Amino acid sequence: MNDKRYPDSIARLDTMALIVESKETINCSSRLNFEVVTPKSELNMSYCGHGKSYDDDDDEDGGDGNEESESEPCAKVARLQLHTLGPAGVAKNLCDLPSEILEKIIGYVNIWHHDRIRATSKRLCYIIDLFITHEFQKALKKSSEANQRSYKSAALRCIKLATEVYVKYGFETLFCGCMLSVLRKSYKYPFCPATQNIQQFLNHFYKGIENRLGSTQEFNLLYVLTFLRLLKAFRSFQITSSCVGISKWGCVVELKGLWLGFFCTSKSRLQSKSEDHTKILIIMTKLLLAEIANEAFRRVSDCDNEICIFGYDTSDNKRCPKTRFDFTVHGSKQIWSLLRSCLEENEEKFKWPSLWPKDEFKFDLEIHSKEAMKWGCSEKMYVEMGLSIRDCDSTRSVESH
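Here the sequence shown is numbered in UniProt numbering, starting from 1 and rising by one per residue.
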């Protein structure tokens, strides 16, 4: 081929393809929300002059300089026109989008990035918490409709019962933050955590509650409400006695199939510490999970000052183990009437308080388990919360049943 301009044409085309001429400076800041409008006439990327393909240039003969400039290939580059969507002078950002849209966007983000996103702003923290809450509720509803006795349904229901009182009180953010670690550990099967992961979740959650409330009456009230709701969730739940006295309410509840006891290594009585109390909630959650899923098991747990032994028996006979819970609430009528309605009223009739009572009260609990005696445990286990003993000496002489 005698045309020596061919290599130069290729070089010019490659150079021109990299040059974008624009009279406006485009600010690509993340806070600018714009749309790009490109005229249809400028969308066609073609050669000027002849409209032949790149391979047809071999057959073209050169002419004078003017013909060369008209026939040489060049690339048309689309020009960008920016139109702001909002009023002039008003900057828009991601957080200004509606919550429904942001929640959809978060749903496409990998769960491993949610922690960092939650830390960027209160708005995004709220959106991620909203997403986790809705996903948890949908998973619970779906699993319950499919099979209420399945492990997944049992696990989600137990998590709800063990945390619902605290969430109602205002600890939604803490719940969602602790739930994120559970979702990461069960990444392939979200909202179907193993028993060990549930225990770690509850330990983390209750520790966060303790750090925020400490040994206060709010902590005691939320604890007792949660404990009573867990008792009521058992299928074998039965109230054998309930009586109201002066500034107190006493009740006896019996459960079949489960048993629990403690080897006290240092003291024969549980200390009035939140960590000693919350371990009872975790044990009751495990027992409830076993009953819902109809799984027999035995566990030995080594605690700080004692060894916990508990289990669940699925056999349905007269020798099925039974555990009795005797408890008494000393305090104002507002307190014990709330606790009584939580235990004795139907779920539909129970009304969550709009204003949580802050009155002082005392909660005494005795757990009787004959099955635990076979393992060397004492027949009774005591738990105390609330006021000191001397503050309630005048009312403790009244029998609870």
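Because the hints were derived from the structure by calculation, they are not lab data. Predicted model, so just to flag it, every value in this text is computed and none were measured. Be a bit skeptical, because a hint or two may be false.
[Claimed, not checked] Each computed DSBU-like pair below joins lysine-lysine, with the alpha-carbon atoms no more than 35 Å apart:
#1 K351 with K138
#2 K142 with K232
#3 K333 with K374
#4 K168 with K232
#5 K141 with K122
#6 K358 with K232
#7 K185 with K256
#8 K349 with K256
#9 K152 with K92
#10 K370 with K232
#11 K168 with K349
#12 K374 with K351
#13 K141 with K152
#14 K374 with K358
#15 K122 with K160
#16 K185 with K333
#17 K152 with K380
#18 K152 with K351
[Stated by the list, open to error] Simulated DEER-style distance windows between Cβ atoms:
#19 P98 with P190: 41 to 51 Å
#20 V167 with G107: 16 to 26 Å
#21 A146 with G376: 35 to 45 Å
#22 I111 with D316: 37 to 47 Å
#23 S215 with L355: 40 to 50 Å
#24 F350 with R212: 17 to 27 Å
#25 P98 with S150: 17 to 27 Å
#26 L97 with P357: 21 to 31 Å
#27 L97 with D316: 47 to 57 Å
#28 S241 with E379: 12 to 22 Å
Positions of the beta carbon are idealized from the N, C-alpha and C atoms, including for glycine.
Straight-line Cα separation of K351 and K138 no greater than 35 Å? OK: K351 and K138 at ~23 Å, within 35 Å.
Assess, step by step, whether the Cα of K358 is no farther than 35 Å from the Cα of K232, and give holds or violated. 24 Å, holds
Please verify whether K349 and K256 have alpha carbons no more than 35 Å apart. 26 Å, holds
Going straight from one Cα to the other, do K185 and K333 come out at no more than 35 Å? Given that 35 Å is the threshold and the Cα spacing comes to 44 Å, the pair is violated.
Take the C-alpha atoms of K142 and K232, compute the straight-line distance between them, and say whether it is at most 35 Å. 23 Å, holds
Verify the CB-CB distance for F350 and R212 against the hinted window 17 to 27 Å. Given range 17 to 27 Å: holds, Cβ gap about 25 Å.
Pair hint outcome, K141 versus K122 [Cα-Cα no greater than 35 Å]: Measuring from Cα to Cα gives roughly 28 Å; hence the hint holds.
Mind checking the alpha carbons of K152 and K380 for me, to see if they're no more than 35 Å apart? Measuring from Cα to Cα gives roughly 33 Å; hence the hint holds.
Just to be careful, I want the Cα atoms of K122 and K160 compared with a cutoff of 35 Å; is the pair within it? 25 Å, holds
Would you check the hint for K168 and K232, treating anything up to 35 Å between C-alpha atoms as holding? 18 Å, holds
Measure nothing beyond the straight line between the CA atoms of K185 and K256; if it is 35 Å or shorter, mark the hint as holding. 33 Å, holds
A range of 17 to 27 Å was offered for this pair. Does it hold for the Cβ distance of P98 and S150? 36 Å, violated
Going down the numbered hints, you'll see the structure goes against 3, 9, 12, 14, 16, 19, 23, 25 and 26, while the others check out.
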